[in-house]
Every structure is written in structure tokens, then in C-alpha cells.
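As given, the protein sequences belong to chains G and S, one line each in that order. Its first residue numbered 1, the first sequence is counted upward by one per residue in my numbering. Its first residue numbered 1001, the second sequence is counted upward by one per residue in my numbering.
Errors might be hidden in some of the hints.
Claimed, not checked - Pair by pair, the computed Cβ-Cβ distance ranges are: (1) G:Thr-216 to S:Glu-1281: 41 to 51 Å; (2) G:Lys-43 to S:His-1255: 25 to 35 Å; (3) G:Gly-26 to S:His-1255: 51 to 61 Å; (4) G:Thr-216 to S:Gly-1294: 31 to 41 Å; (5) S:Gly-1294 to G:Ala-28: 44 to 54 Å.
Claimed, not checked - Selected chain S positions facing chain G (in silico; Cβ < 8 Å): (6) Pro-1057; (7) Pro-1058; (8) Gln-1124; (9) Met-1228; (10) Thr-1259; (11) Ala-1263; (12) Glu-1267; (13) Ser-1269; (14) Arg-1295; (15) Arg-1297; (16) Leu-1299; (17) Gln-1319; (18) Ser-1385.
What the hints assert, rightly or not - A partial selection of chain G residues facing chain S, derived with a Cβ cut-off under 8 Å: (19) Asp-11; (20) Ala-19; (21) Val-100; (22) Lys-102; (23) Pro-103; (24) Phe-104; (25) Val-195; (26) Asp-207; (27) Pro-208; (28) Pro-211; (29) Leu-213; (30) Gln-215; (31) Gly-219.
No lab work stands behind these hints: they were computed from the structure. Owing to the predicted nature of the structure, the values given are computational and were not obtained by experimental measurement. Ideal placement from N, C-alpha and C gives every residue a C-beta, glycine not left out.
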Amino acid sequence: MDARILLVEDDPSIREITAIGLTAAGFAVTTASDGLEGLERFKSEPFDLVLLDVMLPRLDGYEVCRQIRRTSTLPVVMLTARSDTMDVVLGLEAGADDYVRKPFEIPELIARVRAALRRAGTPADGAPALRLGPIEIDLAGRAAARDGRELALTRTEFDLLVELVRHAGTVLSRDVLLDRVWGYDYLGDSRLVDVAIQRLRAKLETDPTAPTLIQTVRGAGYKAVR
Amino acid sequence: MIRGVRARLTATIVALVALTALVLGVAAYVFVDARLHQQQLDDANNQARFDLSVLIPPRLSSPPTLVQITDLASAFKARALGTIIVPDGAEPNYEPAVLRGALDAIPADVRHFVEGGQIAYSWQTVNGKPSLIVGGRSAGTGPQIWFVHDVGAIVSALDQLRLALLVGGLLVALVAVVVARAVAGGVLAPVDEASRAAIRIERGDLSARVPVTSSDEFGRWADRFNRMADSLEDTIVRLEAAQTQNRRFVADVAHELRTPTTALVAEASLLRGHLDALPAEARRTGELVIHDIGRLRDLVEDLMELSRFDAAGEEIRTQPVDLGRLIRDVAGARHRDTVLELPDDRVVVDSDPRRLERIIGNLLDNAREHAPGALVVARLTSSPSAVRVSVLDRGPGVPADRLDRIFERFFMADPSRRGGSGLGLSIAAEHAELLGGELRARNRDGGGLEVELVLPVTEPLPRRDPAAMDEDEAEDR
């Protein structure tokens, strides 16, 4: 079945050409022109992925993303007007999985959408369960729990955790993580990794300012303790 | 040469006071010295006159007897006077005996006067003591009698006076130094104030002013200074306002262009896939549209980037960067035919990789634009103090007089050629400055331009974690 995409974008030209491009690539596209309409569409129909502009009338993209995250872990890709750190960080902190900078070319957008969908749909393989200190990871159920209480991880956070734990004890560079978790094959934005790690720590660690489970190796990357 | 107005002023005042004290001291000394000697001389003369005419003649027979002479000598000895009594044709009598020989030192003319019956004197040192010797004949014709006065008291009094004057002079000089410094400080205080105000203005505090505390030359000068500062502040505030407005305009324009540009870029990217389906006569137009939308996109992005610099909200994210690898990546992604001259060893700097990417990318773009089809070389070298990335082309270069302008916004070395936006190098220069480095440009021997990024090495190059190195190597393969 075609993947269903909700596209929330206020500029009519951008909305139309993006919808045309995605439809031509085989996606079923539903569009919304502001934040509130986007949320209503999201609540009334099932989607596989949301493409979300940041600057939206009535309700901005960050807020839409936060509200979606309350009930769903489906992949959200932000369309950011600028590549400023603030935009990127705010988007990721709102729970977005990835972002595409404006202006973008349609093939580039489609590649990012496919990568996000692929990760979301990746079936669990290998050992059914992993463990990182007090954290239990259920690969089949795509869930993680600490002391029996389930942690609310986004897909990206879950994938990042699994990638780190599978290579526990080994330092993984930002580039490697970008490639394996986000599907970037060339020069991605390492801030994606840094922000996602911070969010992950906030959910896993007892004291996120003094992380004991996921460590930063200065100048090299990150590693999960063995 | 004494440097500094304060020091010169102080030195002048002290010198004047010291000179005055010296002249006064010397004059006082000379005066007192003369008065004391004159006084002593007058006393001795008067006494000799009285003694020779009144006191002595009755006590001496003619010729005097030895007894008379010794009696007379001992009588004068009781008055603390030494005497030498010389009866004509007889041996002189010395009282005390140490006076023997004292007459020899007396100048001949003085002795001649005395022999002639007059009273005469001479200042002598007798037996190591300063003395005044006054001589004359008893009753004008009798035996020569020389009175020897000890004037040591005068000399020691003069010694004390000299010491007092010296000490006093030094004290005056010392006081003069203190007073002169205070006076100089007072006189120069407005200069110090002005100096402080000027320093504050230099450091950017345009509101600094000099307090006007008097209506003298300094006061008037301070007033002029303040007016100058007012006008300077006005001008700068106006210029800043104009610049802010200008920058806001650029930022607004860029921002407004962003949305239609985004739509155009997306549309062009789809159109590219359908070019073959267009009728032949429309295909070239389609290609040009796609190409020009790319140029528009670059221009808008450059403008956006510049307006971000102007907003000064730039964040620098440093991490260890393998420069050789970064250059290889950037060249590989944008200009595959660039000739790379990289050292065998890794060159790792603590810097912001996104900005470095942008700088090197822009330098390569620039070289490519100005020297189409020619060889472009990217060279990396490192020294203990700096890391250099040079991009060299074989294009026409830039006239020497315009070389220092190529990092200005919208500067085009050759205005007839419309390649890029004219912003690439200025963007690269701003990034370089943010990273603590700089861009330098020079024409190459044999033609062409070299633009060099110099990054200072401020700390020892960090060693990379071996495990991460393995990962990176794995990535390279």
C-alpha cells in the first residue's frame, strides 16, 4: 500500500508542487494549509509520516509536532526555513525525527521521506531483547523500559539507543550515527545527533547532566557503557 | 631629555627652587663670613691699638728687661692671647712656645709696616689653628709686639652655618619636589580627565565627556573636546541607524524572496525530470529556467547568510576537524577535478566544521568561476602556529589595486562577468573571522589568484581517540 503522508505547508505554491512531487513518487498525499487544520487532519485520518513546515499560521510547526507526539510516534520531518541552530534544535526538541532545509529539491525531499519511513518500518532483527544498565529494550515491541516502567521514546531516539547498545563499549562517531540512524550518506548535520543524544539522556539517565549510560567521548563521538 | 609634561614641570619647579635656595645660601654664607672676619679684625685692631699705646708702654723700660717681657707675655696669656715680643737687637720671646716660627709665615710687607711703627695684621694658620696675627710697636717706637688671636670659633661657626644651609637647602628641594608634583598634578588633572575620556571613546563608549570645571584654556579646550565628541556620537549613531536599516532591509528582502524561491527550486527540480518530454523548442528554455533558478537560490541563500552575520546571533560549534578529509569531501562533492595537495599526516584542528566547509566550498567556487576550465589546486599546510588552506587558480587574477577589496560584499573583480552573487568571498571571510582566522588574497607568479585561509593554532592539536580513529578509517574505506 502507498505510504500516506500529511503535508502541512502554508504557501500554496510550495504546497502544490510538493504534493505533485510526492504523488508522482507514489505517495498518497493529504495537505493542510495551517497548523490547526494539520492537527485536525492528523486526528481524523491515519498517516505514515508528517511533513511539517515550521512557520505556520494559527499554530506553528513546533506546537503541531508536540501535539502529535502526545499520541503518536510516527515519523515527523520538519521543513525549516533556515538552518539556524535554534530552528533545528527546537524542531528536534519538539519531537521531530529529521528536518529538510528550505529551499529543497523534490528528489532530495523524497529521499529523506523514504529514509524516515524505512526506519519506522524496520522490523526488529537479531536478539529479541537488549539491556543497558537498568534499561531493558524490547526490539520486537520497539519499546524500552526502566525498572519496569515504559519510556516514551520517539522512533529516532529508540533507533539511536539500539544502535549505541548494539555496539556497547565502542565509540560511534557522529557521522556513523547519522548514516546508520538517520540514513545520511554524506555530510549530514551533526547537531541532529547531539540534540537526539541529549533528549535520550534526559529520558534514560537519573542525572542527565552527569550521564553514566551514554557517554560523550570528546572529539570522537558517543558510546554506550558495556 | 625628561619625558612627560608632568615630569618636565616638576623638574623645572624643583630646579628653580633649588637654584634660588643655592643663591640665597651662598650669598648668606659669604655675607656672614665677611662680617664675622671683619668684626674679629676690628676688635683685634682696636685692642692692639689700645694695648700698644696705653697699656704696654708704662710696663716696659727702654730697652725692656727680660723680666718685663715675660711678665707682659704671661699677662696676655691670661687673656688667652698668644704674644711674640721682639725687642730690637734681642731674641724674640714666644708665649706660648709653639708660636716659634710663626713670624716666618707673615708676609714681608706686613712685617715691614710693623717695623715702621704701624699696626698691621695677617690671617695665618699657626700650629694647625686658624689665627689672626696683629702686630705693632709699643708706643710706636718700642719693641715689636705680635698678638696671636685664635679664630677657631669663627671657622667652626661658619662650618655650622654651611651645614645648616646645606641641610636647609636639601629640605627645601625635597619640599619643592612634593609641592611641584602636587602643582603639576593639579595643572595636568584636566589632561588626565581628557585622556580618560578619549580612552573610553576609543573603547566604544561614545557617551564619555570631559568635565568642564574652569573657564581657562583647559576649560575651553574641554568644551571643544566635548562638542567634537557630541558630533562624533551623533554621526556614529546616525550611521549605525542607517546601517541597521540597510541590514534589516537586506534581511527582509532575503526573507521575502525565500518562499517564492523555495517554490521555484522545488518546481525546477521536478521540471528537470520532464525536460525530455518537452517539445524541442521549449527544452532549452526549460534548461535555462532551471539553471537561473539555481543562481537565484544561491543568491538568496548568500543574502540570508549575510543577514545572519549582521544579526550577530552566530553560534560556533567547535569539534576536532580533520582538515585534509574535509577538503577532500568538499572538493569531491562540488569540484571533483580539483588537484589536492594534502600532507601525509592528519591535520586536526578544533573548529566549526560547517563553517570550514562553507569557507573552502566558497573558495573553490570562486576559483572555478574565475578560471573556468583551468587547474584549481587546494593545498593544506600546517605549522606549529597556524594551519593554512590555499586555493590557487590560473585565472586572470585581480588588479593589485583592487586586491584588498575582493572580500567586500558584491565586489566583482571583473564587472563584465556575472558569475556568482559576488557574496561568496565576503561570506567566507566572515566565517573565517568568526573562527579566529582570516582570508588573504594575492596574485600568483605566472598569473592567477591565490586565496588562503589562515587558522591560528591556539592549543596543541588534540589527539584523537584511537577507537574513533578506527571508525573514521572504516568510514574512509
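Hint check:
1. Range check, G:Thr-216 to S:Glu-1281: about 60 Å between beta-carbon atoms, so the 41 to 51 Å window is missed.
2. As the Cβ distance of G:Lys-43 to S:His-1255 is approximately 32 Å, the hint placing it in 25 to 35 Å holds.
3. Look at G:Gly-26 against S:His-1255: about 34 Å separates their beta carbons, and that is not inside 51 to 61 Å.
4. Separation of G:Thr-216 from S:Gly-1294 is about 39 Å and conforms to the stated range, judged on CB atoms against 31 to 41 Å.
5. Distance hint check: the CB atoms of S:Gly-1294 and G:Ala-28 are about 31 Å apart, inconsistent with the given range 44 to 54 Å.
6. A least Cβ separation of about 123 Å between S:Pro-1057 and chain G goes past the 8 Å threshold, and the interface hint is therefore violated.
7. Hint status for S:Pro-1058 relative to chain G: violated, with the closest Cβ pair at about 124 Å, above 8 Å.
8. At its closest, the beta carbon of S:Gln-1124 sits 99 Å from a beta carbon of chain G; the interface hint therefore is violated under the 8 Å criterion.
9. A least Cβ separation of about 42 Å between S:Met-1228 and chain G goes past the 8 Å threshold, and the interface hint is therefore violated.
10. The interface hint given for S:Thr-1259 is met, as the beta carbon of that residue sits about 5 Å from the closest beta carbon of chain G, less than 8 Å.
11. The criterion of a C-beta within 8 Å of any C-beta in chain G is met by S:Ala-1263, whose closest approach is roughly 4 Å, and the hint holds.
12. Taking 8 Å as the C-beta cut-off, the interface hint given for S:Glu-1267 holds, the closest approach to chain G being about 5 Å.
13. Residue-level restraint check for S:Ser-1269 holds (minimum Cβ-Cβ distance to chain G is 4 Å; threshold 8 Å).
14. For S:Arg-1295, the shortest C-beta to C-beta distance to chain G is roughly 13 Å, which exceeds 8 Å, and the interface hint is violated.
15. Given the 8 Å rule on beta carbons, the hint for S:Arg-1297 holds: about 6 Å separates it from the nearest Cβ of chain G.
16. Taking 8 Å as the C-beta cut-off, the interface hint given for S:Leu-1299 is violated, the closest approach to chain G being about 12 Å.
17. Given the 8 Å rule on beta carbons, the hint for S:Gln-1319 holds: about 7 Å separates it from the nearest Cβ of chain G.
18. Because the beta carbon of S:Ser-1385 sits about 21 Å from the nearest beta carbon in chain G, more than 8 Å, this interface hint is broken.
19. About 5 Å separates the beta-carbon of G:Asp-11 from the nearest beta-carbon of chain S, less than 8 Å, and the hint is met.
20. Against a cut-off of 8 Å between C-beta atoms, the interface hint on G:Ala-19 is violated, since the closest Cβ of chain S lies about 10 Å away.
21. A cut of 8 Å between beta carbons decides the hint on G:Val-100: the least distance to chain S is about 11 Å, and the hint is violated.
22. Here the hint on G:Lys-102 is kept, as its CB sits about 4 Å from the closest CB of chain S, short of 8 Å.
23. Taken as an interface hint, G:Pro-103 checks out: its beta carbon lies about 4 Å from the nearest beta carbon of chain S, inside 8 Å.
24. The restraint placing G:Phe-104 at the interface with chain S holds, with a minimum CB-CB distance near 7 Å, inside the 8 Å limit.
25. A hinted interface residue such as G:Val-195 counts as satisfied when its beta carbon comes closer than 8 Å to some beta carbon of chain S; here the least separation is about 12 Å, so the hint is violated.
26. Restraint check, G:Asp-207 versus chain S: the minimum CB separation of about 24 Å is more than 8 Å; hint violated.
27. The beta carbon of G:Pro-208 is not positioned within 8 Å of any beta carbon in chain S (closest approach about 20 Å), and the interface hint is therefore violated.
28. Hint status for G:Pro-211 relative to chain S: violated, with the closest Cβ pair at about 17 Å, above 8 Å.
29. With its C-beta approaching chain S no nearer than about 18 Å, G:Leu-213 sits outside the 8 Å limit, and its interface hint is violated.
30. Annotation: interface hint on G:Gln-215 violated; nearest CB of chain S at approximately 11 Å, more than 8 Å.
31. Among the interface hints, the one on G:Gly-219 holds; its C-beta lies about 4 Å from the nearest C-beta in chain S, closer than the 8 Å criterion.
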